[in-house]
Amino acid sequence: MDPDAVAKAFVEHYYSTFDANRANLANLYQESSMLTFEGQKIQGSPNIVAKLTSLPFQQCQHSITTVDCQPSGPAGGMLVFVSGNLQLAGEQHALKFSQMFHLMPTPQGSFYVLNDIFRLNYA
Amino acid sequence: MGLGEWGKRGRGREEMEEQVEGLGRAFVDHYYYLFDNDRSSLPSLYHSTSMLTFEGHKVQGVDEISQKLNLLPFDQCQHVISTIDSQPSSFTGGIMVFVSGSLKLPGEEHQLRFSQMFHLVPSSEGSFFVQNDIFRLNYG
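Quick note, the sequences are listed as chains A and B, same order.
Note that the first sequence covers residues 1 to 123 in the UniProt record's numbering.
Note that the second sequence covers residues 1 to 140 in the UniProt record's numbering.
Note that these hints are calculated values from the structure, not bench results.
On a predicted model such as this, the values are computed, not experimentally measured, just so you know.
All C-beta atoms, glycine included, are put in the ideal place defined by N, C-alpha and C.
Check before you lean on any hint, since a few could be wrong.
As the list claims (entries may be wrong) - Which chain A residues face chain B? A few, computed with CB under 7 Å, are given here:
(1) 36
(2) 63
(3) 66
(4) 70
(5) 79
(6) 102
(7) 121
Claimed, not checked - Quick list of in silico lysine-lysine cross-link-like pairs, DSS-like style, CA-CA up to 27 Å:
(8) B:68 <-> B:58
(9) A:41 <-> A:51
(10) A:96 <-> A:51
(11) A:96 <-> A:8
(12) B:68 <-> A:8
(13) A:96 <-> A:41
(14) B:68 <-> B:104
(15) B:104 <-> A:8
(16) A:8 <-> B:58
(17) B:104 <-> A:96
(18) A:41 <-> A:8
(19) B:104 <-> B:58
Next comes chain B alone, as it looks inside the complex (with noise of 0.2 Å):
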């Protein structure tokens, strides 16, 4: 069901939004599970048109985002969420997912505090994967 329909009925939409919300809880557990247990399996999420952005570096399609997750400095790390806020993005049933929270590096003393922003596209499979990916670490 598209964004227009969802829009003409006041209770739909909260629905709709109770919806897109818990997708994008859903999308943000398994993201980061993988990410601090299973890093080698995050390019599962993407597809050839997918972006990722990563503290100003861009790079596209599966084996150029593969290959920036690996290379990251640091071989185990665990990110800790604060702030998940999702809105439907089209309408075409994309999601867009607004994350905040802090990175732990082993050995560091300090954690890290990133925003990362995800734009969902539904699959052909029925579920969805990541066309746009924002990554900055919050200073200061």
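Bound-form chain A, shown alone (with noise of 0.2 Å):
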């Protein structure tokens, strides 16, 4: 399948996931996945949900503006660095923000993220 559709397919994915119940990201992360979100580093999906769903805001709304995508190696992991905007409810201006993944797939066919990093871009 061509990387570049496997990319966009995850990021839309990931990002309505997380805009409508961010709950349900559990399955896209395995014991080993590791996120590092605005400097803090956590490690294992309920962990990493558990951080996620904690996230001082209940609605938001993330909008894509690039998504990259490279090969990462022999064991057919994927890297994907996205840049957009997150627009949080009540707030007036939206935060730009960029996120790198590194997916690996799965017995069943599918990927999970194994590394996850977010940073918001500030002006």
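Since each chain comes alone in its own frame, lean on the hints to assemble the complex.
What follows is the structure, given as structure tokens:
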């Protein structure tokens, strides 16, 4: 399957799930998964989901500006580099962010997130 | 030692995190020093399998990457790094490094803000090379 198409499909799935119900992100992470969110490091799906569901906003909307992807090596992994805007309900200005994902294939033929790093882009 | 070994021991994981952070920082310092002071030496950090995506333009291999970096429309520049985040990327010693910062060009009043990610892979000589490199300017 075309890597760019896989990356685009993942990005759409990830952010629509995030914006609809963050708890549903759980099956995109495994025990070995790592998230660094604004410098805070978290490991393992339950801890990652706990962090994301406890972020200080109820509703949000991601809108994606750029998606770049590259294969990461012989294990079939894929790197996805995203930039976009994050609009929080009630806030006048959207926040700008960049995020990278390292996706690894699962035996079932899909992907999970092994590495996830998120940073807001301040002016 | 692979990722799985480190993961089994809580205290070991902290040590690994510190080691990975240290390696990430050392690489970032070296990379941007070369970029700003000796750009023609940058290709030594890449191998034939390396990939660079620069503002959406993809190139592969040392020659193409070298050409891309040499043909950027500025001779001098200075990178100022704001954040560096690192994580082990796999069970074989790779490291993900995620950088944000500013790029100053001479004669330009405003700095450009950028984000960049590197996937570093151990080389047979005992150091790292850049397997993956993605660069984006942050507008707005």
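Regarding the pair residue 104 of chain B and residue 58 of chain B, is the alpha-carbon distance no greater than 27 Å? With Cα atoms ~24 Å apart, residue 104 of chain B and residue 58 of chain B stay inside 27 Å; holds.
Are the Cα atoms of residue 8 of chain A and residue 58 of chain B separated by 27 Å or less? With a Cα-Cα distance of about 17 Å, the restraint between residue 8 of chain A and residue 58 of chain B holds, given a limit of 27 Å.
Do the numbers back the hint for residue 102 of chain A, that is, is its least Cβ distance to chain B under 7 Å? holds, 6 Å
Pair hint residue 96 of chain A and residue 51 of chain A, alpha-carbon separation not exceeding 27 Å: With Cα atoms ~20 Å apart, residue 96 of chain A and residue 51 of chain A stay inside 27 Å; holds.
Sort out whether residue 58 of chain B lies within 27 Å of residue 68 of chain B, counting only the CA atoms. OK: residue 68 of chain B and residue 58 of chain B at ~10 Å, within 27 Å.
Verify the proposed pairing of residue 104 of chain B with residue 96 of chain A, using a straight-line Cα cut of 27 Å. holds, 21 Å
Per-residue hint verdict: residue 66 of chain A, partner chain B, C-beta under 7 Å: holds, 6 Å
Pair hint residue 41 of chain A and residue 8 of chain A, alpha-carbon separation not exceeding 27 Å: holds, 26 Å
Classify the hint on residue 121 of chain A as holds or violated, based on whether any CB of chain B lies nearer than 7 Å to its CB. holds, 5 Å
For the pair we were handed, residue 104 of chain B and residue 8 of chain A, check the Cα-Cα distance against 27 Å. Violated - the C-alpha atoms of residue 8 of chain A and residue 104 of chain B are around 32 Å apart, more than 27 Å.
Hey, does the residue 36 of chain A contact hint survive, CB to chain B under 7 Å? holds, 5 Å
Per-residue hint verdict: residue 63 of chain A, partner chain B, C-beta under 7 Å: violated, 12 Å
The structure does not agree with the numbered hints 2, 15 stated previously, though it agrees with the rest.
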